[in-house]
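Trainee: Each chain, letter by letter, is given below.
Protein chains: 2
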Amino acid sequence: MGNQSKGLIALLQFNPTVGDLAGNAQRLQEMVRLAHSHDASVCVSTELAICGYPPRDLLMQPSFIQIAQDMAKEIHVDIPVLVGTPTVPENQREQPGNGVLLIGNQAPAKVVARKQLLPTYDVFDEARYFDADDRPGIARTINGSFELGVTVCEDAWQVSGETPSEYNADPIEQLAEWGRQGVQLDATVNLSASPYHAEKIQTRLRVARTAAECLNHPFLLANQVGGNDDLLFDGRSLAAWPNGDVVIAPAWEEGILLVDVNDSTRSQWIPMKQEENSGLIQLSSKSVLEQDEETVLEALADAVVLGLRDYCRKSGIQRIVLGLSGGIDSAVAACVACAAVGPEKVLGLSMPSRFSSDHSKSDAKFTAESLGMEYASIPIDNLHHLLESQIETVLSNGLPVARENIQARLRAILVMSHANAQQRMAIATGNKSELAQGYCTLYGDMAGGYTPLGDVYKMEVYGLAHVFNNRARKIGKEPPVNESTLTKPPSAELAPDQRDDDTLPPYAVLDSILKYHIEEGYGADEIASKGHERETVVSVLRRLEANEHKRWQMAPAPRVSPRAFGQGWRHPLASRHDWRR
Amino acid sequence: MGNQSKGLIALLQFNPTVGDLAGNAQRLQEMVRLAHSHDASVCVSTELAICGYPPRDLLMQPSFIQIAQDMAKEIHVDIPVLVGTPTVPENQREQPGNGVLLIGNQAPAKVVARKQLLPTYDVFDEARYFDADDRPGIARTINGSFELGVTVCEDAWQVSGETPSEYNADPIEQLAEWGRQGVQLDATVNLSASPYHAEKIQTRLRVARTAAECLNHPFLLANQVGGNDDLLFDGRSLAAWPNGDVVIAPAWEEGILLVDVNDSTRSQWIPMKQEENSGLIQLSSKSVLEQDEETVLEALADAVVLGLRDYCRKSGIQRIVLGLSGGIDSAVAACVACAAVGPEKVLGLSMPSRFSSDHSKSDAKFTAESLGMEYASIPIDNLHHLLESQIETVLSNGLPVARENIQARLRAILVMSHANAQQRMAIATGNKSELAQGYCTLYGDMAGGYTPLGDVYKMEVYGLAHVFNNRARKIGKEPPVNESTLTKPPSAELAPDQRDDDTLPPYAVLDSILKYHIEEGYGADEIASKGHERETVVSVLRRLEANEHKRWQMAPAPRVSPRAFGQGWRHPLASRHDWRR
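Those protein sequences? They're chains P and H, same order as listed. Read in order, the letters of the first sequence are residues 1 to 581 in our numbering. Read in order, the letters of the second sequence are residues 1001 to 1581 in our numbering.
Hints were generated in silico from the structure; no laboratory data involved. Heads up, the beta-carbon is just placed ideally off N, CA and C, and yes, glycines get one too. Among the clues, some could well be false.
Straight-line Cα separation of at most 20 Å, SDA-like style, residue types lysine to any residue; simulated pairs [said to hold, decoys possible]: (1) P:LYS345 - H:ASN1397; (2) P:LYS345 - H:LYS1361; (3) H:LYS1361 - H:LEU1494; (4) P:LYS273 - P:GLU290; (5) P:LYS345 - H:SER1037; (6) H:LYS1345 - P:SER353; (7) H:LYS1345 - P:VAL288; (8) H:LYS1345 - P:LYS345; (9) H:LYS1345 - P:LEU395; (10) P:LYS345 - H:THR1393.
Which chain P residues stay away from chain H? Per the calculated CB distances, all over 12 Å, these [to be verified]: (11) PRO164; (12) ASP358; (13) SER484.
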C-alpha cells in the first residue's frame, strides 16, 4: 500500500430493513468483520444504518431513538466504525439528531456528528424528526490514525448547488475553511441514504467531485442500497479525489468499497454475496460517466426487481400471484416477479373474457411458459354474464364504464382468492402512464400489495421488455415477451375493439407530457410551448387531476423518478403523500 | 354597548375548502359583510383561511403561496380584517410564513404576524412548510381603534403546557411581558385550525382561560369548522376573559361570534344559515363545561355527518351507495349518509349470501325504509356458487379466509357497479375497532371513497345508533336502527354461524385495549396492568400490527380521536401517514 500507516477506509454499502434494529446491527457487524478481514482500518456505514432509511414516524417514539442508539453502541467491532443512528436529544427541548456514532475506537462510543442540512421536500421530511447541528463533525481514529471530516448525506450537496432547498449553511465549505485554518484531514466521509432515479448517479458524481475539490482532500460517500417500502436506493457508493478521479461501487448489491485515500487505483469492491460482483467503475480526472439508453434501462430493470424482492423479503412474503392479460405490462411485471422471488414462486392467471383476443390468451401462456412460472387459465365469461344479468337494468341505464370495470374486478377477486388461499401477495401490473391517467380500475387491476411498474412510464415498460428478453437470450432461454405482445396496439380489452389510444394520446406523446408535468413541474402553457398540442396537454392534465383519488388507494410503487405524481392544486384532496404508495 | 368607541370583534368561524382560493375569498367576503351589518368593527378569520387547513404540499409550490397571499389582499372589505394566509418569504433562503394579513384598514394590506410555534407531530407537519417567526404580532385597527395581540393556533398552547412539543418560545408570555412593559392591548386574538376530538373542547377551554389570565386581557380564538379530507374541525370559537368568563360558539356550523371585549354577556352568534342557530354557551368565572355521555355522542354524530357532507360537497360528489348487511355498522353508516346528503340521494344494497340470516335481510330493509333512502336487494348466492366452483380446488386446498373474502368482494363489485353506473360514491361501513384488527376484507367491505365510521370505535357505533334513533323519534319518525340490529351478536356472516367474538375479544374489551394503545400510546405491559388479560392484549396488538397494510389501502376516515392508529414499530412498513386515510 502507498501509505501503510493510514490503511484502508471501508464504505459499507448496506441494505437495512427499516425498524429491524437487531437484524441491522447483526448485519453491520458481519460487514465490519468482512472489511476487517480485508485489512480495513476504519468502516463507514450509511445514514441511519441502525434503523434503516426512511424510518418515518418510528422516530417520533423516544424509546425507539434510545434503543437504536444503544444497539448501535453495542455492535461488537474490532476496528473503528462510524455508524449512522438517530441520537438521543441532549436536553428536553431538543429533537433527536440524525447522527453518527464512533464505536470500536478503544474509547467509549461517541457521537461525532449530527446532520446539519435536513432535507424537507419531496420524499424527505427530516425537519419533522431532527434538530440540525450547526457544524460538521470530525472523527479521530486510533486505528490508522485517521482524521476524518464527517458529514451526513444532504450536508455535502449544498456546495454544488444540487439541492432544491436554500440552506443557511454549507458543511463542506465549513470543513474546507477549517482546513485553510490548519485542521489537517485525511478525508471527509459522508453517510448517505440517497434514493435512486435514472439521472441520480450523474448528480451524485458532480456532488462528490465538487466536494473533493472544495475540500482539497478525498471525499468518500457510503450509500444505502435496496428497497424500503416505496423508496429505492441504488448504492453506488463512491470516492472522489480533488483531481477529479472517482471510484464508483456497483449499484443494487450489498458490499464494501475499500478505499486507499492515497491511491484511487487501489480501491476494491468486496460483495456480500460472491456471485454478485459487478466490479468498480473508475473515472480518471474529469472524464464523464457515459450512460447510454441501454445502461439506463438495465439499471431500471435491476431497480424494479430489487424493489419487489426487498419488499417481499422484508415483509415476510414468499410467493406472488398476478393476472396475465397477454399485454406488455403484465408480461413485464411477470418478468420482474420471477427475477425477484424466483419463477417457481410466481403464479400467473390468465382470465379471458369475451373481449379477449386469441392472441392475448396465447401470449399470456407464452410468457408464463418462457419464464417457467406457474400458470392457470380461468375464463370469467360465465361470471361476467351472470353478474351483468343480475344488474342489467342498472348497467343499461348507467355509464358504460361500469360494465367495463366489472371484468377487471372479477379478475381481482380471482387473483385475491389465490393470494388468500395460498398466502401469496398479489401484485398490480399497471404502469405510471396509465395510473396517472386513471386508465385502470380501482379494486380491479389496481388491486395488489405492490405495483412494481407503478413508477415506470409506458414507453420504459417496452424498454424493460427488451432488457428481460436480452437477459433470457444471454442464458439461452426463450425471450419471455414475444413479438406479438411487443407489437400489438395496447388495449385494455374491456369492450369490443377497444384500444388505449381511443381514450389516451399515443403513449410516446402521453409520456412526454406527463414527464414535463411530473418531473419538471411544468404547467399546460409551458408544456404546449415544448411542441405539444395544447388541447392534448390540457386533457392529459385534467385526467391526471381528476383521477388523483385512485392513486391514493393503490399499492406502493417503488419510486424510480425524481418527483412525485401530480402538481395540480385545485383538487380539495391534493396532497403530498403520493410517495407513500 | 359598554364602550362605544371600541365596538365589536367578529370571529369568523369559517368552513374553507382546501385549495379553493377564489371560493374561500368569496365566502370570507360574505362573512365580513354579514359581520359588518351586525356592527362589527374588526373581523378575525381562522388559520390559513384563504387556502383552508391543511393545505399540505400545495404549500411547496411558490406560485400557490403567492396567489393565496394576493387573493387574501384583494378581498373587498369595508372594515379591518385579520386574514390567515401563507405569506411569501421575504428572502430566498426563507420558507413561507403561516401568516396573518391585515386588510381593509385604510392602508395597504400588511402582514402583522407569522406563526411562532409550528406543530410538527401527529397530523401536523408545519415545519415542513413554514419558517417560524420569533415574536407575536400586534395589529392596530383604524376602525374601533383596537390594539390587538395576534397569534396563530399553537402559539397560544405553550402557556398552558397543552402541547406535546417543547418549544423554546411562549408567544402568550411574550405578549404578557410586553403588557407589563406598558404596551396596552385591548385583546389578543388567535387564528386557529384546531381539529376535533371528543375531549378537545375541554383542552381548548383551559388554553383560552390560561391565556386570558396570563395576558390580563380578553383572549379571542376563531376556529375553523368542517371537514377537509380526513380532518374534522369543530369550530366552537371562543372568547375568554381574565376572570374566567368564557363564551363558546356552537360546533359544526359556520357563523360569526361577535364579541364585546368589555362585556362578555353581550356576545352574539350569527349563523351563516339561519336554520342552524344552536346558540352560545356562556360560562361565568371558573365554572366548568359539563359534558355528559349523551352530549359527547351527539357531537360525535354531528362530526361524522359533517365530515361526510363536506367530503362530498368539496369533492363534487352528489350521491352515495353503500352495502346494507343488516348489521349495526352499515345501519349507522346509512344514518350518517342520509343525514349528510339527504336520504333521496343514498342507495342501500342488501346482498344476502347463503350465510345471511333472515333477520339480516329484514333488518337491512327496515333501516332503508325508515330512513327513506333508495333500497335494492341483490342476492349473491348464484355468483358465489359459480365463482367457487371455478376455483374449487384452490379453495379446498387453501386457507379458509379465501372463501370468506369472496363474498365481501362480490358485494364490492355490485356496490361499485352502482357507483360507476350512477355516479355515486361508495362508502365503506367499517368501524375503527374492526379495521384496527384487520377484521374486514381488502377490496371487499373496505372498498369505498370514504369510511365515515373509520375513526369510531365499535361501542361508540352503538352509541351513535341511539343518537340517530332519538333524532328520528324527535321528529316523529321510525327509529332507523331496530332492536334486532342493536341486540344480535355481531357477525360478519361470511361462514356458517360465524360470530365476531369467535375471533376477537368482546368489543367492550377490544375497544378498551385499543384505546389504551392508540390514544394513550401504552404497550402490552402497561395495558395488562390496567386489568386486561395479557394474552388478550398481546393478541390484539399483534393483529393490529399484522394488518397495518390493510389500512393503507383504505378510503379516508375522518379523525375523531386524538391519535393515529398503531404505534408498533417492528413492521418494515411502519409509517406515520395513517392520518391521510
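Trainee: Now, for every hint given, state plainly whether the structure supports it.
Mentor: Each hint, compared with the structure:
no., hint, verdict
1, P:LYS345 - H:ASN1397, "17 Å, holds"
2, P:LYS345 - H:LYS1361, "42 Å, violated"
3, H:LYS1361 - H:LEU1494, "14 Å, holds"
4, P:LYS273 - P:GLU290, "27 Å, violated"
5, P:LYS345 - H:SER1037, "72 Å, violated"
6, H:LYS1345 - P:SER353, "34 Å, violated"
7, H:LYS1345 - P:VAL288, "64 Å, violated"
8, H:LYS1345 - P:LYS345, "47 Å, violated"
9, H:LYS1345 - P:LEU395, "18 Å, holds"
10, P:LYS345 - H:THR1393, "19 Å, holds"
11, PRO164, "9 Å, violated"
12, ASP358, "21 Å, holds"
13, SER484, "27 Å, holds"
Violated hints, in rising order: 2, 4, 5, 6, 7, 8, 11; the structure is consistent with all others.
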